[in-house]
Amino acid sequence: MSSREDILQNIRRNTQKRYEKPDLSSLVQKAVKYEDKIGQFCSVMERVGGKAVLLHEGEDVNEVIRKLYPEARRIASSVRVLKRGNESQQLNCYTFHPDEVAASAELDGTDLGIVSGKVGVCENGAVWLEQEMEERGIYFIAEALIILLDKTCLVNNMHEAYPLIDTGEYGFGVFVSGPSKTADIEQALVMGAHGPREVTVILY
Amino acid sequence: MSTKHSKAAGRFLQHKELAAWHDETLWMVRAKRDKISKELPEWEDLRNMAEAIKMYSNSHLDTLLQEFEKNAQANGAHVYWAKDADEYCSIVHHILESHHVKHFIKSKSMLAEECGLNEYLEDKGIEVVESDLGERILQLMHKRPSHIVLPAIHIRKEEIGELFVKEMGTEPGNNDQTYLTHAARKNLRHKFIEAEAAMTGANFAVASTGECVVCTNEGNADMGTSQPKLQITAFGMEKIVPDREALGVFTRLLARSGTGQPITTYTSHYRKPRKGGELHIIIVDNGRSQILADKEHVKTLNCLRCGACMNTCPVYRRSGGYSYTYFIPGPIGINLGMLKAPLHYYDNVSACSLCHSCQNVCPAKVDLADQIYCWRQQLQRLGVASTPKHVMSEGMKFLMERPGLFDWALKNASLVNKIPHWMIYNGLNDWGKEHDMPVFAKESFNELWKKNKVK
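Protein sequences, first through last, are from chains A and E. Residue numbers for the first sequence follow the numbering used here, so the first one is 555 and each next one is one higher. Residue numbers for the second sequence follow the numbering used here, so the first one is 14 and each next one is one higher.
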């Protein structure tokens, strides 16, 4: 008999009482909610070691990015156009698209990655990134990451976030909450363990 | 009466400064957990829900695992089933060998530790690189983790500094944590890029989508799986959850309970292989299906491996992970060890004061302390109970069952107070070691009560 059959048979034989699937609706109803979502998101981003900035009416996103990361030379962006209502802004502050590289390894040495987020979660600063380019390595290998997020896509908590996310064509997505970090040496918190040392969410 | 645990704990406590630091630091993590959990008014409802979902999923493993398999295959993944550690190791080895992998990068996986994967592969000539910073430090030191979430919590930065001078060419004497972490970042960046395959464990496997979810703070799992195009993911079968709705509950609890963060930095959902790549998923039993039959201990399968029970445990904090004989220490490790091989790991069941704190912080409500208590009741049957403790409790039983004798003994108990010190505090009396024996009162409560002296 195959291991698969063996295991399944053991499970069936050994399972005692079968419990029913619980209903989450009352929990979801009483889960934490915020009156000022943008304010909460900005403060929790700081707490997780990141930053959130608001793109104000009439502001050019390219200028905001350049001001945030004036030293960045090698800039990858998977976003070409930022659409806000009827208005749209062209991104021109980047130097290449992450899929222009022949292999993911070539993304090493990228100073700044610019990507788009789908949903932002106010309770924990997590932003859902649905893979939108072939080389998802850019999310993790860039020294700093800018996530562009429509401020109407903020939700209160993870219960509200999950129904809104998917993994898309590439079959990958990730919630990112602030920069890569570790406290593995004597519990001292250090940003930039393997991934981006800085994460800035631009709410537009 | 001394168990292997208490002897090893004695050695740990000889390093007074490190032991005090260990205790305080883990208590700080526990305090962070308390603070962040209190920010959510629905915290206890979340714990109840996590427990209910786990009770459901662990009692429907047959259907949920098959649903997972079907969906994962439809996503383009290869799915394997491993009965035990050997089969799991040999599946991984077979995948690596058939793809001619020489460099292999791994993110932290408790399952891999459980099954001895690294040793197995290294014996076969495959270089395994751990990418979690703590795990990497221990791998280079040839040591094992002492905590499931904070693996290198017992190592001082000076030792790491010395290690990195040798391994990564850092400046001698520079033990700054930021400096050392960034040196490891640079060093491991090359390892990620040269690897031909990457492996992760899984915090959750979602039946309805066939995806595996991995939570890290460092981003090491993602860095690994976004470089080489061959990915292996393996999980113990109790990691299955029915759907993404359930993830909404678990992702809110995991990091808050474990490290006091609102969520881990990365919560990655791996659903399909990369373009032109391969995704291999291994579902592992290794004793789990046996636990299903054990009514008293089936709830150990609820465990999320968050580490909260260790951080809060007064015995763990003061004795360190190496004092336990099972590779997972603390309250959950005591129980998992007993389920694995009671005659091998029974030394750990004494490493508990039955304070029940673990049970009160566990996000999935594993009844850890109750289970330890149950195991203690089994020691006599297993033939491993301590003789002095057994003699003592038999004596107490004899006394308690005879009220007349009991009263007489109590009346005369204060005579014991006059016995010379050397007769009480010596090698024969384990209860007199490292603490003073209680002084018997001249009058018992019973007598006081009868004389109306109790107010």
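Calculated directly from the structure, the hints in this document are not laboratory data. These numbers were taken from a predicted model, which means no experiment stands behind them. We put the beta carbon where it would ideally sit given N, CA and C, even for glycine. Careful, some of the hints might be misleading.
Here are the computed distance ranges between Cβ atoms for each label pair [what the hints assert, rightly or not]:
| # | chain 1 | residue 1 | chain 2 | residue 2 | range |
| --- | --- | --- | --- | --- | --- |
| 1 | E | ASP136 | A | SER579 | 27 to 37 Å |
| 2 | A | ASP560 | E | HIS107 | 38 to 48 Å |
| 3 | A | GLN570 | E | LYS446 | 25 to 35 Å |
| 4 | E | ARG389 | A | LYS571 | 20 to 30 Å |
| 5 | E | GLU132 | A | ASN646 | 48 to 58 Å |
| 6 | A | ASN616 | E | SER103 | 25 to 35 Å |
| 7 | E | ARG389 | A | ALA742 | 31 to 41 Å |
| 8 | A | GLN570 | E | HIS107 | 49 to 59 Å |
| 9 | A | LEU622 | E | GLY23 | 50 to 60 Å |
| 10 | A | SER579 | E | LYS179 | 50 to 60 Å |
| 11 | E | LYS48 | A | SER579 | 22 to 32 Å |
May I ask which of the numbered hints given earlier this structure violates, with the numbers listed in increasing order? 1, 2, 3, 6 and 8
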